[in-house]
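Residue numbers (the working numbering), protein chains in the order written: chain X, 433 to 540; chain W, 433 to 540; chain Y, 433 to 540.
Be careful, since some hints might not be right.
The list makes no distinction among identical chains, and a pair is therefore deemed to hold if it is satisfied within one copy or across any two copies.
[Unchecked claim] Only pairs whose alpha carbons sit at most 25 Å apart, straight line, appear in this in silico DMTMM-like list of lysine to aspartate or glutamate: (1) 500 to 535; (2) 461 to 510; (3) 493 to 538; (4) 500 to 538; (5) 493 to 455; (6) 500 to 510; (7) 434 to 533; (8) 434 to 483; (9) 461 to 538; (10) 454 to 523; (11) 500 to 482; (12) 500 to 455; (13) 493 to 533; (14) 461 to 442; (15) 500 to 483; (16) 500 to 533.
Simulated from the structure, these hints should not be mistaken for lab results.
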Amino acid sequence: MKLITAIVNDHDGQMVLEALNKEGFAVTKLATTGSFLKVGNMTLIIGTEDDLVQKAIDTIKSQCRRRKQVVITPAYLETAGGYATRPTEVDVGGATVFVQDIERFERI
Amino acid sequence: MKLITAIVNDHDGQMVLEALNKEGFAVTKLATTGSFLKVGNMTLIIGTEDDLVQKAIDTIKSQCRRRKQVVITPAYLETAGGYATRPTEVDVGGATVFVQDIERFERI
Amino acid sequence: MKLITAIVNDHDGQMVLEALNKEGFAVTKLATTGSFLKVGNMTLIIGTEDDLVQKAIDTIKSQCRRRKQVVITPAYLETAGGYATRPTEVDVGGATVFVQDIERFERI
Ligand code: NI
Ligand code: NI
Ligand code: NI
Numbered sequence: 433m434k435l436i437t438a439i440v441n442d443h444d445g446q447m448v449l450e451a452l453n454k455e456g457f458a459v460t461k462l463a464t465t466g467s468f469l470k471v472g473n474m475t476l477i478i479g480t481e482d483d484l485v486q487k488a489i490d491t492i493k494s495q496c497r498r499r500k501q502v503v504i505t506p507a508y509l510e511t512a513g514g515y516a517t518r519p520t521e522v523d524v525g526g527a528t529v530f531v532q533d534i535e536r537f538e539r540i
Numbered sequence: 433m434k435l436i437t438a439i440v441n442d443h444d445g446q447m448v449l450e451a452l453n454k455e456g457f458a459v460t461k462l463a464t465t466g467s468f469l470k471v472g473n474m475t476l477i478i479g480t481e482d483d484l485v486q487k488a489i490d491t492i493k494s495q496c497r498r499r500k501q502v503v504i505t506p507a508y509l510e511t512a513g514g515y516a517t518r519p520t521e522v523d524v525g526g527a528t529v530f531v532q533d534i535e536r537f538e539r540i
Numbered sequence: 433m434k435l436i437t438a439i440v441n442d443h444d445g446q447m448v449l450e451a452l453n454k455e456g457f458a459v460t461k462l463a464t465t466g467s468f469l470k471v472g473n474m475t476l477i478i479g480t481e482d483d484l485v486q487k488a489i490d491t492i493k494s495q496c497r498r499r500k501q502v503v504i505t506p507a508y509l510e511t512a513g514g515y516a517t518r519p520t521e522v523d524v525g526g527a528t529v530f531v532q533d534i535e536r537f538e539r540i
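Model the full assembly from the supplied sequences, consistent with the hints where possible.
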């Protein structure tokens, strides 16, 4: 058995969780308020068979690929002496995933 | 040293925690809102000596064995054209426990 | 890669987190309401290279060494038939830290 810990941002988290459930993985959500990617994160833990680890990671990847997103930010315009808004690309999404060994696993 | 992670439902959690404390185990409760058993869960982590792992698991087992519980659910009665209540057995309790190795342990 | 889990009290936690960030460690804070040291705790997890584990632990130590603190507690005075306050030394701070192996680490 392996334990997969996935730290994903709040925005993607719910979809990651549902995608994992749909593939048959039991997921536990730890409430997190992490500073990890400078946004709200959630930490998901998944206990699974060794040969399903890749499938779980692929499922996580499918829902939270790092991507560009256009946000509207204020920009100072010297010529106009004031502020205007302009579209800016920022990175969103992504995840940190690590896999650890479980020596003993019991369902009581 | 070993790390025991126990995912138990909210109902049993407080009693599991107290039973573990009474046996001398230091327990940390991680706030969880897991979807694991489709009810509210809490995740407990316990760092302990190798030869106390079985005692900790037995203590957890003693407080959250999977069991039948009778709940009152509404049932549609065709003959009466309306709803009545009837007792139904549901599964409650249970826990998921896994044990992992700790390579280094320090109390600062 | 190693996973460091640090259980520190709420008072020291924010400073530990900032000190770790300043040293370049990515830290995820798990919300905890632990009974571990009989006060509110927070659990921090840090994934790091093997050769940076000692530096991370030293950073944690620097911010939450166990120490004496004087608190004012009420004391019953038999001679006066009532309560007075008196300064009492209590232990505060401290942390529990454990290090575990990470078999696979991915940043998506
Ligand atoms: Ni989205
Ligand atoms: Ni009960
Ligand atoms: Ni302080």
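Hint-by-hint comparison with the structure:
{"no.": "1", "hint": "500 to 535", "in the structure": "neither (40 Å within a copy, 30 Å between copies)"}
{"no.": "2", "hint": "461 to 510", "in the structure": "neither (47 Å within a copy, 41 Å between copies)"}
{"no.": "3", "hint": "493 to 538", "in the structure": "between (28 Å within a copy, 10 Å between copies)"}
{"no.": "4", "hint": "500 to 538", "in the structure": "between (42 Å within a copy, 20 Å between copies)"}
{"no.": "5", "hint": "493 to 455", "in the structure": "within (13 Å within a copy, 29 Å between copies)"}
{"no.": "6", "hint": "500 to 510", "in the structure": "neither (28 Å within a copy, 56 Å between copies)"}
{"no.": "7", "hint": "434 to 533", "in the structure": "both (5 Å within a copy, 12 Å between copies)"}
{"no.": "8", "hint": "434 to 483", "in the structure": "both (9 Å within a copy, 22 Å between copies)"}
{"no.": "9", "hint": "461 to 538", "in the structure": "both (19 Å within a copy, 19 Å between copies)"}
{"no.": "10", "hint": "454 to 523", "in the structure": "between (27 Å within a copy, 22 Å between copies)"}
{"no.": "11", "hint": "500 to 482", "in the structure": "neither (33 Å within a copy, 32 Å between copies)"}
{"no.": "12", "hint": "500 to 455", "in the structure": "neither (27 Å within a copy, 28 Å between copies)"}
{"no.": "13", "hint": "493 to 533", "in the structure": "both (21 Å within a copy, 23 Å between copies)"}
{"no.": "14", "hint": "461 to 442", "in the structure": "both (11 Å within a copy, 14 Å between copies)"}
{"no.": "15", "hint": "500 to 483", "in the structure": "neither (32 Å within a copy, 33 Å between copies)"}
{"no.": "16", "hint": "500 to 533", "in the structure": "neither (34 Å within a copy, 33 Å between copies)"}
Comparing the model with each earlier hint shows violations of hints 1, 2, 6, 11, 12, 15 and 16; every other hint is respected.
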